[in-house]
Amino acid sequence: MTSIDSDQRRLELEAALADGRARLEKLKLSRLGEHSAKLALKLFEGRDPESALNSIQNLRAELGQIDTVLKEVYERGLAAEHREAELHPFEDAWIAVRRRGLAATADAQAWRYEWLGTWSKALAALRFTAADAIAQTDNPYEDVSPLRACLLSVSRDLEAEDWERAVGSAEVVLRTGNAQPGLDARLRVLKCRLLRRYLDDLDAAEIEATHAMARTDDGDAELRGLAIAAVAEIHLDRANWDQVHKLTDDVLVREVGVADPLIAAGRLAEAEGRFSEARDCYDAVALRFGATASVGALFVETPGTLLWRIARQVRWSDGHAALELIDRALTEGVTGKGVDPERRVLLERARILDELGHRAEAASAYNEAGERYAWSGSDRALELFQRAVELDGDNPLFQWSYGESLRQKANAKEWAVDYDMLRRAKALLDTVEQHPPAPDDAWALTSLALVNDKLDIDGDQALLFERAFLRNPDYARGHALLAVLLRGHGYYAEALTIVTAGSELSTADAYLASVHVYSLLDMGKPEYAQQVAEQYVRDNGPSLEMCTAQAVVQMRQGNPGAALAILAEAEDEQDIQFKRAICHAAVRQYAEEQALYAEILAKKDETTDPLLVGWAAYRTGNLDLAGQTFRSVLPLDSSGLDLAQVLLRRGSVDADAGTELLLSSIETSSSIGNLIHLVSYELPLLIDAVEGKPHEAAVRDACQAAASASERRVNELRSLRRPEDQPSVLLASARTAFSQDDLYRAAELYLPFACAGGPPEVADRLTEVSDRLLCHGDALLASGDLPAARRTWKWLRGTIADLLDDRIADSVQSRLALSDIDEGKPLAETAADHLRQTDKDALLDVVGTFARDVPSLWAQIDGLSEVFAAESPLAEMTTRRQLYASVYALDRDAVPDFTMSPFVSAVEIALGGGLARLRDSSQVELLIIGLRAQVTEEMGIWVPGVGVQVREELDPHTASFQVYGRTTATITMPVGHEDLMPLRSRLEDVLRDNLFRWISVDDLELWISNWDASSYQAEGDHSWLPHQPAGRLQLTRLLRMLAREGVPIRDRDTIRDAFTTAGNTAPGDLLTEVRRRLYPATLGARDGEAVESEPLPAELETRVAKGLYGDGSTWAMPRAEARNLVEDLRAWRRTALPEGPVAIRTSSREHRPYVWRLLAAERPRIFVVAAEEVR
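The numbering of the sequence shown is this note's numbering, which starts it at 70 and goes up by one.
Among these hints, one or two may not hold up.
[To be verified] Simulated restraints on C-beta separations:
1) Asp811 - Trp927: 52 to 58 angstroms
2) Ala857 - Glu793: 56 to 62 angstroms
3) Gly342 - Asp1048: 21 to 27 angstroms
4) Val364 - Asn309: 26 to 32 angstroms
5) Ser739 - Glu596: 21 to 27 angstroms
6) Ser739 - Ala776: 16 to 22 angstroms
7) Glu141 - Ala85: 57 to 63 angstroms
8) Glu1074 - Glu793: 39 to 45 angstroms
9) Leu128 - Asp289: 31 to 37 angstroms
10) Glu736 - Arg769: 16 to 22 angstroms
11) Val364 - Ser808: 22 to 28 angstroms
12) Arg1106 - Trp927: 26 to 32 angstroms
13) Val364 - Lys673: 54 to 60 angstroms
14) Ser777 - Trp864: 18 to 24 angstroms
[Claimed, not checked] No more than 25 angstroms apart at the CA atoms, straight line, and that leaves these computed lysine to any residue pairs for SDA-like:
15) Lys478 - Leu692
16) Lys523 - Gln599
17) Lys1175 - Pro1117
18) Lys97 - Leu128
19) Lys478 - Gln599
20) Lys97 - Leu139
21) Lys762 - Lys673
22) Lys762 - Ala660
23) Lys762 - Gln626
24) Lys1175 - Lys523
25) Lys478 - Leu425
26) Lys1175 - Arg657
27) Lys894 - Thr918
28) Lys495 - Asp510
29) Lys523 - Tyr580
30) Lys478 - Arg700
31) Lys523 - Arg217
For the record, the hints were derived by calculation from the structure and aren't laboratory data.
Quick caveat: nothing in here was measured; it's all calculated off a predicted structure.
Idealized CB from N, CA, C, for every residue including glycine.
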């Protein structure tokens, strides 16, 4: 090679090296890349080309080796990231994988397509953090800032639960999202559900669902499934079951990419009562989609049963997650067959807690599940209560529940009582003495009483019942149990008294109602028994217990045919078959009778009552089996009667023995029902059976003697009473006196028990008696009868006060001392000392009672100033200030904040900055003036002025309506939209909803004068207005209650007439009378307008009534149950009633206010009347 060629090679290599150095220096690399580049640059510095090339070659080989290692590490890390993303979707790994996918897209269109689809998936799962992370991913191809802002707005609105704005934001995305299929389908389904579930716009929701259906196909199972589910949900809400079937019937066998169609199919099955098929659908969801289906993606409904079935799958891998799902399921409500489908869920919850080692929580859960199983009559309750005690044996409630379950199990077979089990129950229930039960657990005392009675333990067992009633006066079921106990001992008259009292506490307890029916029957009052039974069925619907009771009523009245018709509707159980057979025999339908007895005998080995087998054998002629059976269950009350009939029917050899057994069994019987049934139905059948036989005459004589003996015994039992000095009888008398507000008599009866250290509950009741007597004295004082008030307090001081806590004694002593001051008498030093030692807050309360007006206040101040004169001037000034503040509410804390501000209007419209132009608008001013005049004229209440202010902190196009500074409603007005009707409509709602606030005791004269302040002394009849504070307050409350429900109060003459004639009645009676006279204005009718009232379905009204407590002044219900009730009321209102203002009619005035409250938020507004208010 020539030197020229060598130089040329060198020049070319140097040029390549220089070019390489320049390019490396310009690269934009990470810190690690920059470091590697600097190492490479060193290869080009100060070296000849040949050695530089050799170095480059070596570096490249080494970098290749490094790259091989890095590639393997990268691939393993990427695989781990993918696995993590699959296991925990929408978490950090999932976001990273999706961002890598976006980075690998080929162009702007592909990037946007993938970006929007990924964002919509995260949004669909309600994973807003992941959705926002995807939305904020940088686009290397184009600027997507406007669309990104829209995506973020959707997430923000959904998180804030601003459904209306969320729908709007989603629509903006749809218009700018380039119709990406996943985005389009998911957002339309989202809009559909928001419109359907939260905005009550089913028609708009249907449009979105239809669009989703039209823009998807079977090629994408996930998107098609979402669309199908959305359409199905619309039909579910409209109860179009056939359409839902068409969409979902094959969902279990078809491949679906989402859970939504399966959930829709499950909801349909639940709605149609096909609970097993519903569980199949939900189990399929749990198996295919796991816990992710519980999220409620895209706001799909997650029924309680679905959550439960998912929990069953999750339980084995994540017990804590399963617990959360079960708690959600119980909140949502679980459906199924039987009286209590949720009991299985509660049991599952208990078992999970047990498996997790949470002993105390598991014990409580087992106890709760046991209660639910016990209520439904399941034997499983016993083992659940036992497990609760095993886990937490120190909890008395669990011991009592287990004891009560043992008691029921021991008595399951009346002819074979398990006394060992009863003794175990007693050992558990005896702890009530060491751990007095709370009011809701007072049943433990009655359980102990029933166990003691069955074990024949000496003592007045009814005393435990009376203690239970002292702890819980509303314990209705206890009254039924005590009645059964008394009936068992032959005290039928007292049993009727106690069960009648219990029936006044509850009208929904079938057991209580049936005991009431039988008690009336046994006391010879079948007509009243029939009324009780019929009333129960009207109020609560039929039940097996009441069906049996109604049949017995008809049989006692001599109507076996009517009884047979009633029993035909009952379930085909052996006891029902037995009663049917008796009725068939009574109407001489012997073939039907024999067929029923033959069926009982065919299953004799399965029967739970051998008496039925014995009687079936007796009536079918198998006297040996009958005799053997009846002898096996002696000495049951009825078995002697039954065995005697077998002997009499057998023949003359046994006739004498049968007669003797029959008469002796009658004399010792404590069952009126058995004796009446014997004479009415059984003895006639016996006579028929021996007709024409040699011993017929002997049997007839025996039957006649038995009839006479039964009549005597029935009369004896009806007149039997417990001794008057028996403790339980005395406490029962005291209870009756207390319930009738005969406080002195109640106290006299309770006092001996308190003095003798009797039941601990007596002291609490005496305290309540004392408090009521104190209030009674205060009422006498308020009415001006101080001498009578002093007599009351002196009686308390001399009889009860010293037996109770110091609070009662101090209150009595303080009242007596202050009454001396009130009369201007000098205080005895002992009384003064007592006042000095009395708690100041308690003393201020009593002073407030005596300070009925300014003169009496000054009398008290002057008297107390002398009492406290020995104290420092500062203490005296403090005492006076406290007295003034307490009586006249002078403290700053007693003054509402809004009254301290000169800028607050009663009603104010606050406008966002974008609506500032409306503040001085003449149109708005005229709108407010006209609306105030209209409402004032229609309703008879002056509407205060309405202020309009601009508030920059509000969204620009938001109008906020405030009453006394509190926001009650808001609306959003479109940009540049000049229509003021939305503003007027919402303002009218606010004014009408708050009208009742703008009439007070000081406004009555103005109200009479039609709010004309310039002439109110001359116009209107003021003579009838009450002058006493209590009367003015009563009238004001009446007017406010009418206005609260939208009833005009401009018919002053009608209100005056009703108030003056009924003003002294109870508040509820007064309100009903006024509403009756104002009818039809109570229907929401305006001048010349006709409005009809629609009756509320009995089933819904019965559910409302179940929330009433005590005297009906309190309404309460578990949150989930109340929510379901409101939803059902609204659904009925939407489907059964016309649009516009509507009136609903209830059958009871007690239910009316609560129906209105439950529907008060409905628009158009609801008016509710009671049947007795309609004229």
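Going down the list of hints, with the structure as the test:
{"no.": "1", "hint": "Asp811 - Trp927: 52 to 58 angstroms", "result": "38 angstroms, violated"}
{"no.": "2", "hint": "Ala857 - Glu793: 56 to 62 angstroms", "result": "32 angstroms, violated"}
{"no.": "3", "hint": "Gly342 - Asp1048: 21 to 27 angstroms", "result": "48 angstroms, violated"}
{"no.": "4", "hint": "Val364 - Asn309: 26 to 32 angstroms", "result": "28 angstroms, holds"}
{"no.": "5", "hint": "Ser739 - Glu596: 21 to 27 angstroms", "result": "25 angstroms, holds"}
{"no.": "6", "hint": "Ser739 - Ala776: 16 to 22 angstroms", "result": "19 angstroms, holds"}
{"no.": "7", "hint": "Glu141 - Ala85: 57 to 63 angstroms", "result": "33 angstroms, violated"}
{"no.": "8", "hint": "Glu1074 - Glu793: 39 to 45 angstroms", "result": "59 angstroms, violated"}
{"no.": "9", "hint": "Leu128 - Asp289: 31 to 37 angstroms", "result": "50 angstroms, violated"}
{"no.": "10", "hint": "Glu736 - Arg769: 16 to 22 angstroms", "result": "20 angstroms, holds"}
{"no.": "11", "hint": "Val364 - Ser808: 22 to 28 angstroms", "result": "53 angstroms, violated"}
{"no.": "12", "hint": "Arg1106 - Trp927: 26 to 32 angstroms", "result": "30 angstroms, holds"}
{"no.": "13", "hint": "Val364 - Lys673: 54 to 60 angstroms", "result": "56 angstroms, holds"}
{"no.": "14", "hint": "Ser777 - Trp864: 18 to 24 angstroms", "result": "54 angstroms, violated"}
{"no.": "15", "hint": "Lys478 - Leu692", "result": "31 angstroms, violated"}
{"no.": "16", "hint": "Lys523 - Gln599", "result": "31 angstroms, violated"}
{"no.": "17", "hint": "Lys1175 - Pro1117", "result": "31 angstroms, violated"}
{"no.": "18", "hint": "Lys97 - Leu128", "result": "21 angstroms, holds"}
{"no.": "19", "hint": "Lys478 - Gln599", "result": "32 angstroms, violated"}
{"no.": "20", "hint": "Lys97 - Leu139", "result": "21 angstroms, holds"}
{"no.": "21", "hint": "Lys762 - Lys673", "result": "30 angstroms, violated"}
{"no.": "22", "hint": "Lys762 - Ala660", "result": "22 angstroms, holds"}
{"no.": "23", "hint": "Lys762 - Gln626", "result": "31 angstroms, violated"}
{"no.": "24", "hint": "Lys1175 - Lys523", "result": "34 angstroms, violated"}
{"no.": "25", "hint": "Lys478 - Leu425", "result": "30 angstroms, violated"}
{"no.": "26", "hint": "Lys1175 - Arg657", "result": "44 angstroms, violated"}
{"no.": "27", "hint": "Lys894 - Thr918", "result": "18 angstroms, holds"}
{"no.": "28", "hint": "Lys495 - Asp510", "result": "16 angstroms, holds"}
{"no.": "29", "hint": "Lys523 - Tyr580", "result": "20 angstroms, holds"}
{"no.": "30", "hint": "Lys478 - Arg700", "result": "23 angstroms, holds"}
{"no.": "31", "hint": "Lys523 - Arg217", "result": "77 angstroms, violated"}
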